[in-house]
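All chains, full assembly: derive it from the sequences and hints.
Letter by letter, the chains look like this.
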Amino acid sequence: MSPHFVNPARPKGAEKLLGLGLLLALAVVGLGIFFSQFDYNPAVESWRQLKKGPAGPAPAAKTSDASDAAAALAALAPASLTPAGPAQSFGPDDLYVKINGKADLYLTSGFVSLASQRFALKNDAEAWLELYAYDMGDPRGAFSVFSQQRRPGGQPLADAPLAYVTANAVYAARGRYYLEVVGSAGNPALLAAARDLALNFLASRGDRAETLREASWFPGQGMLSESLALAREGAFGFAGFKDLFLARYQTKDGEAVAFISLLPNPAAAQKLAGDYLGFIAANGGKEMTPPPAAPPGARLAEFIGSHELVFSQGPLLAGVHEAPTAAAAVELAASLAGALREVRP
Amino acid sequence: MSGPSNRREFLIRAGKTGLALTGVGGLGLGLFSAGPPPAQPDGQTLPELPSYAAAGTQGRLAVARGGERAQGLEAALKALGGMEQFVKSGERVLIKVNAAFASPPAVCATTHPQILAALIDLCRRAGAKSILVTDNPIQDPLSCFELSGLAAAARSGGAELLLPRPEAFRRYTLPGGRLIVDWPVLAEPLLRADRVIGLAPVKDHHRSGASLSMKNWYGLLGGRRNIFHQDIHGIIVELAAMLRPTLVILDGVQSMLRNGPTGGSLSDLKDTGRIIVSTDQVAADACAADLLGKTPAQLPFIARAQATGLGNADWRALGPQEVEASGS
Chain S
1 MSPHFVNPAR PKGAEKLLGL GLLLALAVVG LGIFFSQFDY NPAVESWRQL
51 KKGPAGPAPA AKTSDASDAA AALAALAPAS LTPAGPAQSF GPDDLYVKIN
101 GKADLYLTSG FVSLASQRFA LKNDAEAWLE LYAYDMGDPR GAFSVFSQQR
151 RPGGQPLADA PLAYVTANAV YAARGRYYLE VVGSAGNPAL LAAARDLALN
201 FLASRGDRAE TLREASWFPG QGMLSESLAL AREGAFGFAG FKDLFLARYQ
251 TKDGEAVAFI SLLPNPAAAQ KLAGDYLGFI AANGGKEMTP PPAAPPGARL
301 AEFIGSHELV FSQGPLLAGV HEAPTAAAAV ELAASLAGAL REVRP
Chain L
1001 MSGPSNRREF LIRAGKTGLA LTGVGGLGLG LFSAGPPPAQ PDGQTLPELP
1051 SYAAAGTQGR LAVARGGERA QGLEAALKAL GGMEQFVKSG ERVLIKVNAA
1101 FASPPAVCAT THPQILAALI DLCRRAGAKS ILVTDNPIQD PLSCFELSGL
1151 AAAARSGGAE LLLPRPEAFR RYTLPGGRLI VDWPVLAEPL LRADRVIGLA
1201 PVKDHHRSGA SLSMKNWYGL LGGRRNIFHQ DIHGIIVELA AMLRPTLVIL
1251 DGVQSMLRNG PTGGSLSDLK DTGRIIVSTD QVAADACAAD LLGKTPAQLP
1301 FIARAQATGL GNADWRALGP QEVEASGS
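Protein chains in written order, with our numbering: chain S, 1 to 345; chain L, 1001 to 1328.
Hint data in this document are derived by calculation from the structure and do not stem from the laboratory.
Computed from a predicted structure; not experimentally measured.
Backbone N, C-alpha and C fix where the C-beta goes; we use that ideal spot for every residue, glycine too.
Treat the hints with care, since some could be wrong.
[Claimed, not checked] Here's a subset of chain L near chain S, in silico, CB distances under 8 Å, partners left out: (1) 1017; (2) 1018; (3) 1025; (4) 1261; (5) 1262; (6) 1264.
[Unchecked claim] Derived lysine-lysine pairs resembling BS3-like cross-links, with alpha carbons at most 30 Å apart: (7) L:1294 with S:286; (8) L:1294 with S:242; (9) S:252 with L:1294; (10) L:1078 with L:1270; (11) S:16 with L:1078; (12) S:98 with L:1270.
Now the structure itself:
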């Protein structure tokens, strides 16, 4: 096969300039495309929607005819309740119709569908409640939205492990479902009905509550009750974090958050730790030399008046967020590292 | 293709490549438009909205502490010289409430009907010719207004409840706007009003950090407005630029501290005992941030609105009137 271009002479200046010019032109085009894609204009989306139909209110929710799951909710009502209005169902495209600015929390946690139904007390139509059954795709999704919205001071719901009752509402996670039953007032009869309805719903799910294994890896000492949570995306504003488990602790200097995430391999965990420190530094954090008591390889930074510490241990990424002092960050990190040494991911 | 190439062939090929690139780039540049799709030439475009501010009332703010909602509202307005300063006899008043959800009044996810009833009464006593109440909830509007108690409050006060319907919208472009461009806006009530009052609860918000008076105008947008959540602070600022109201009123008698904007549990609420009334929506929001345990600096839309010249984030610089409402 003959060479395509044979010229032993070195290219001359004009050729070099032409070649460089072409490369520069390509680079300019590439940069233009790169930056233009950030300049998303919602008006284009608006225009597309307007082409589909008239301007005005958003599309109405689908009613029970559209969803067997929604229609089945009525069957869960205890004797004291009667359905009030049609059941509704929502998917990822129209969840915002029901919960507006809260939709992102669910969509980033694996949301699949929502079925809702309003019920009223048979003997008092002014007292009503609404059941929201979110299918979050898997137990992690359900636990994520349950844990991130957990109200302090809730009372247990029977023996359900991930469930609590407030003055007017019941919240629970079971299997892939997250459940809310919200009453129109703190009415004892209504709250009793809400409890029964929630228990009927949980009983209708064949699966028992699933323990997420990362949740058991945190050290028990110092952990504040009901503080365990799962952020599926973007915890602490860092896009690199996925499926980050968090728990709040009392340290000698104040409260701090410990976190754990299981990565595919040790290299990925180590890289993510570095990326997080890079994110902190890019936002004004100042890296510090960790004291000897810190876990091996730990990196520590002061950030907006608090302290961030991150380390990796095998495929586990772990760390401490918003510790009041460096000593508190190191103390909690050492405890966390000790607990993780017993873990076989 | 075989055979050696020489420098001349290389230059010819390079030249052709360059021409092709220039042609493609030029074509792309020619077709590119940074602007929005053109407005539909059907006469349904909303012109620039007027200012609804009452003359000589700029930069005023009052905070009433304690008491019921009606007491707090009346006390705060009295501290500003009374409703007559803002609504004159014979004027048509639009009250933009937050009716975003079909939720009960007790959870404070929507404007509370008690304060709507009180405001309607004050407007009526000031001589308002007509009072319109509206919002564009993205759920079924009738359910939202009925279950929130706002429909009953409007009816009992003799106000007209204007539910959104397609013909009430007009496409609107905010001058200099980046997001509100040829976008459907609930225009009919705005076109029918001489004065506009925003009446909103004080709430946490999952995306923006808080839902206050500037965010309340979000309910005037139609279409799939949820796409603006990707730039929530930007859209709040543009909404504040779009609507220059007569007054904004924030009901912080109970504030939703967490799990907003829907809330749901009574335990999401805290008794904060404040009614904030202002002609400066930036100042009102900055003042209300404290009720949510936040600083104005933690709510980026406040600083951005001030930087755009829409108001003063330093609400104390306005010389606020702070009054006790209890027993007044």
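Now the hints, each set against the structure:
For residue 1017 of chain L, the interface hint holds, the least distance from its beta-carbon to any beta-carbon of chain S being 6 Å, beneath 8 Å. With a cut of 8 Å, the hint placing residue 1018 of chain L at the interface with chain S holds, because the nearest CB-to-CB distance is about 6 Å. With a least beta-carbon distance of about 6 Å to chain S, the hint placing residue 1025 of chain L at the interface is held under the 8 Å criterion. At its closest, the beta carbon of residue 1261 of chain L sits 5 Å from a beta carbon of chain S; the interface hint therefore holds under the 8 Å criterion.
The closest approach between the C-beta of residue 1262 of chain L and any C-beta of chain S is roughly 5 Å, which is under the 8 Å cut-off, so the hint is satisfied. A cut of 8 Å between beta carbons decides the hint on residue 1264 of chain L: the least distance to chain S is about 4 Å, and the hint holds. Under the criterion of a C-alpha separation no larger than 30 Å, the hint pairing residue 1294 of chain L with residue 286 of chain S is consistent with the structure, at around 25 Å. For a cut-off of 30 Å, the pair hint linking residue 1294 of chain L to residue 242 of chain S stands: about 27 Å separates their Cα positions.
Restraint check: the Cα-Cα separation between residue 252 of chain S and residue 1294 of chain L comes to about 26 Å, which is no more than 30 Å; the hinted pair holds. This hinted pair checks out: residue 1078 of chain L and residue 1270 of chain L have alpha carbons roughly 26 Å apart, not beyond 30 Å. For the suggested pair residue 16 of chain S and residue 1078 of chain L, the alpha carbons sit about 79 Å apart, so the restraint of at most 30 Å is broken. Taken as a hint, the residue 98 of chain S and residue 1270 of chain L pair is honoured in the structure, with Cα atoms around 24 Å apart against an allowance of 30 Å.
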